[in-house]
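Whole structure, please, built from the sequences with the hints as guidance.
2 protein chains.
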Amino acid sequence: MTTTTYRQLIDAFRESKLVESIGSIASWDQHTYMPPKGAGHRAEQMGFLAKLGHEKLTSPRLGEWLTALETSPIDDETEAVNVREIRRVYDRAVKMPSKLVEEIAKTVSQAQNYWAEARKKNDFPAFAPWLDKIVALKREEASAVGFKESPYDALLDEYEPGATAAEITRVFADLRADLVKLVAEIAASGKKPSVDILNREYPVERQHIFGQSAAAAIGFDFQAGRLDTTVHPFCSGIGPGDCRLTTRYHPREFNQGLFGILHEAGHGIYEQGLDHAHYGTPAGSFASLGIHESQSRLWENQVGRSMPFWEHFFPRLQQTYAGTLDDVTLESFVFAVNNVEKSLIRVEADEATYNMHIILRFELEQALMTGDLKPADVPGAWNDKFKQMLDLTPPSDAQGCLQDIHWSMGGIGYFPTYTLGNLYAAQFMEQARRDLGNLDEDFRRGQFGRLKGWLNEKIHSPGQRHRAGELCKRVTGAPLTHQALIGYLRKKYTPLYGLA
Amino acid sequence: MTTTTYRQLIDAFRESKLVESIGSIASWDQHTYMPPKGAGHRAEQMGFLAKLGHEKLTSPRLGEWLTALETSPIDDETEAVNVREIRRVYDRAVKMPSKLVEEIAKTVSQAQNYWAEARKKNDFPAFAPWLDKIVALKREEASAVGFKESPYDALLDEYEPGATAAEITRVFADLRADLVKLVAEIAASGKKPSVDILNREYPVERQHIFGQSAAAAIGFDFQAGRLDTTVHPFCSGIGPGDCRLTTRYHPREFNQGLFGILHEAGHGIYEQGLDHAHYGTPAGSFASLGIHESQSRLWENQVGRSMPFWEHFFPRLQQTYAGTLDDVTLESFVFAVNNVEKSLIRVEADEATYNMHIILRFELEQALMTGDLKPADVPGAWNDKFKQMLDLTPPSDAQGCLQDIHWSMGGIGYFPTYTLGNLYAAQFMEQARRDLGNLDEDFRRGQFGRLKGWLNEKIHSPGQRHRAGELCKRVTGAPLTHQALIGYLRKKYTPLYGLA
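Protein chains in written order, with my numbering: chain V, 1 to 500; chain G, 1 to 500.
Please keep in mind that the hints were generated in silico from the structure rather than gathered at the bench.
Heads up, the beta-carbon is just placed ideally off N, CA and C, and yes, glycines get one too.
Hints are not guaranteed to be accurate.
[Stated by the list, open to error] Now the stretches of chain G that chain V is said to cover, found in silico as 3 or more residues with beta-carbon under 8 Å:
#1 16-23
#2 36-46
#3 219-227
Okay, here's the thing in structure tokens:
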């Protein structure tokens, strides 16, 4: 039953999303083609759109319509989902005092510049007062929004609706225990791939062409999207039929370009697979950042770093870079792109140790939110934990606690969604293999359509009809655990490193 | 005296311009980088922005503030101008029903894609229903806005405030009479340049580099703008510090690329020369499309096709295309880029016959608006008039009535501003030469700063402080006539064609 009230609610909410999508074009343009002197005017345009979107979202009429709809029965499942999820977003938005919203916006916009300077000069003390202010503001945000157990939950909820720090802590603890063992076994194996083959000459133009064709092969629709170059890679779903990927290339680093593209294309395939008939409503929107990340990790790692994928693509890669890889075997290439090694920088970490980087940040963030850790003490805490978890000591804060932009953007609570993505990806892929049979044979033939179709049906088209945890149970028959990821990693690394 | 009421008026009007400038990014993106399947969503975004801009512009509070300001004396000249011109725009806007505004925006956003397809496939019938809808909507617009003599005046007023079809008809009639004579004398001279030298191999990448450096040389600031490739070239001033030029290249047509760039750069130099302190208000906006076009024509033709310009640039062109122009003299090159010949395509027409293309469109548009011409009959009417005025029959609609994007954008009333631009350009340039002395010597040295400075001061920075006709009188001491243009053309062509 579609009532007038429901229609009004949807139209109004959809309009706030339309404003957001206009901001996405402006933001994409800012990162790709905007001339440098346009920055000031663009800031004014973005500020105007942010304010307008917030006004549309917090209109008291939305609250009235929601209350009216909640007090009468709704038969239609999609309508019920939309009311439930618009309520969540609306409540969060109206609970935030607009002065706090404005102060956070102003603070993080300045803090990002101070962070960039501090990182460049390896000067944590210059950033410390900003981190202090951001943590204080995010604690204020948590009290404004409200929480049951931990203030961290209030922040997490923005990115991963319904998830709690306690739950994540449990899964991450299991994961950590098994990862420590696995990484130790790999180190003890004494085997190492020749990673130098990935640092040969890979001219950027060919990386672009090869990457684009790989993204198209796995199912990213270039009639409904594009791929450009930016300093920091991202995927931006502008709306139905329009999804923008970006990447960066280095002429002597193969991994960065191609795996960056497969990663962003995974996000893009999710965006392109959403239910466009419900565009601008929760039913047509992605479920959570963790689920979004599961799609990028699935294509980047589960597929893109697999032997069958390279059985198809390696001869093509050899052709693309004629003369460069003639002395390299398929086996040694696949080993090289799956090298496991403790390292300092999160975005360069391998599939196994990556999660240690996340667990470290997750623990520090919680301590910052409870007040157990003072922002000024972050470098010491970071380095202690790094030593303990990864057996390395960052030679500088620039390569340590200053490496990521997230905190300067106010993104506390965002990091765990990366490892959630790895966990969901493994559990989904395990199920896809059960449902679809011999997927490796598809990959060997360069065919990815059955897997993409399965993901479209099971993960993409439901949108926010189910929260992440529930979606996982529905699709895989089990709640999220660390076992699929550990099982997948063990299975991959056992032959490569000759593990027992 | 700046009152609170004045500040409120300016802030509100400026916000409507900010919305417009956000639409400019979306529109630029649509023409440059948007993936094809994004068209539907983009139409919705553009429709929303048009509606929002219209709402902001037609807020009753604006009317109240205007009335309050008009009933008390204003000392400040800029403030007086802003009140006068906001009144004009406000009155026009409140007369337009917002449903009509939204429908026009949605229709033209889609129609542009259909036009591009129809032109590609030489399929006028595929575009006819869209033209029909657009003409109907524009007639609705004319009745809503109101007019004294002709519905065409109501449309014209949007582009050329204060101008009327009757006035333009008079100046165009004088121009046409003298042009017919001049073009006949040129044809009778029997002399012809070797235009084939412009159809040698001009690789596109070098055209881009050479064009970009020429645009920078005449004063376009690439830190505050860019140059991209589109089907139909345009210039879009997004806002302070951000102006986008586009052009198109053909590897065997020299004129199209370079003169297209000089043309759009002329528009861009105007946008960059506006008074940014008054951005978003009439005092910081361009005077009219005719004045805008005068700036593009001035740089493209008066400067860019002159002998002194090529005395500087021709040796550089020879270097850029090493081996291609070794056998060509400066004189024969300048003659070739000034070839006068009746031809099919407006944007490829020479400076003299170009105006015939405009007069033809001006007449057809008036007939469409009165209903004397049905959109479905446009191809026949076009071809008849073309035969009569230019003694040629277009071999296809793609090279006839489908060649221009304007009607698909709803731009009826726009074309005459092109010839107004030619007329103003000639009259301004005559004055610049009187004021600045030997400009040709500057050009020979590749120096364009004195001319650009004069234009910045006389034409650009005043914004809408004077309407076009008044600006012409203030700058040149005389109202607009056809004489400067005819004088300039005669002076140029007399030596080239050995006229009496």
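Please name the hints from earlier in the document that this structure breaks, with their numbers sorted from lowest to highest. none
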